[in-house]
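Residue 41 in the working numbering sits at position 9 of the sequence shown, with consecutive numbering throughout.
Note that these hints are calculated values from the structure, not bench results.
Note that beta-carbon positions come from the ideal geometry of N, C-alpha and C, so glycine has one too.
One or more hints might be untrue.
Restraint ranges, calculated between C-beta atoms of paired labels, are given here [said to hold, decoys possible]: (1) G42 with V66: 19 to 25 Å; (2) K35 with G61: 33 to 39 Å; (3) E37 with V59: 20 to 26 Å; (4) A69 with S47: 16 to 22 Å; (5) G61 with E40: 36 to 42 Å; (6) Y73 with S36: 17 to 23 Å; (7) Q72 with A48: 16 to 22 Å; (8) A64 with W43: 16 to 22 Å; (9) W43 with V66: 22 to 28 Å; (10) I67 with E39: 14 to 20 Å; (11) V45 with R71: 33 to 39 Å; (12) S60 with E40: 39 to 45 Å.
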Amino acid sequence: MTKSEAEENGWFVVSAPPSQIFLWGGVSGMAAGVIAAMRQYCWGKTPQGL
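Could you build the full structure based on these sequences and the hints that come with them?
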């Protein structure tokens, strides 16, 4: 949701970025995917390989 969408609908935006995400993913494949998606969604950055 964007600030303009909230204003158009009379909503309040409460921003609190996640500080912790707990995942059970076996060999961490799911955890890595979720963290990559959260980083891109929250901060607009795409993870870079080594």
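Against the structure, the hints come out as follows:
{"no.": "1", "hint": "G42 with V66: 19 to 25 Å", "in the structure": "violated, 32 Å"}
{"no.": "2", "hint": "K35 with G61: 33 to 39 Å", "in the structure": "holds, 35 Å"}
{"no.": "3", "hint": "E37 with V59: 20 to 26 Å", "in the structure": "violated, 39 Å"}
{"no.": "4", "hint": "A69 with S47: 16 to 22 Å", "in the structure": "holds, 18 Å"}
{"no.": "5", "hint": "G61 with E40: 36 to 42 Å", "in the structure": "holds, 39 Å"}
{"no.": "6", "hint": "Y73 with S36: 17 to 23 Å", "in the structure": "holds, 18 Å"}
{"no.": "7", "hint": "Q72 with A48: 16 to 22 Å", "in the structure": "holds, 18 Å"}
{"no.": "8", "hint": "A64 with W43: 16 to 22 Å", "in the structure": "violated, 33 Å"}
{"no.": "9", "hint": "W43 with V66: 22 to 28 Å", "in the structure": "holds, 26 Å"}
{"no.": "10", "hint": "I67 with E39: 14 to 20 Å", "in the structure": "violated, 31 Å"}
{"no.": "11", "hint": "V45 with R71: 33 to 39 Å", "in the structure": "violated, 20 Å"}
{"no.": "12", "hint": "S60 with E40: 39 to 45 Å", "in the structure": "holds, 41 Å"}
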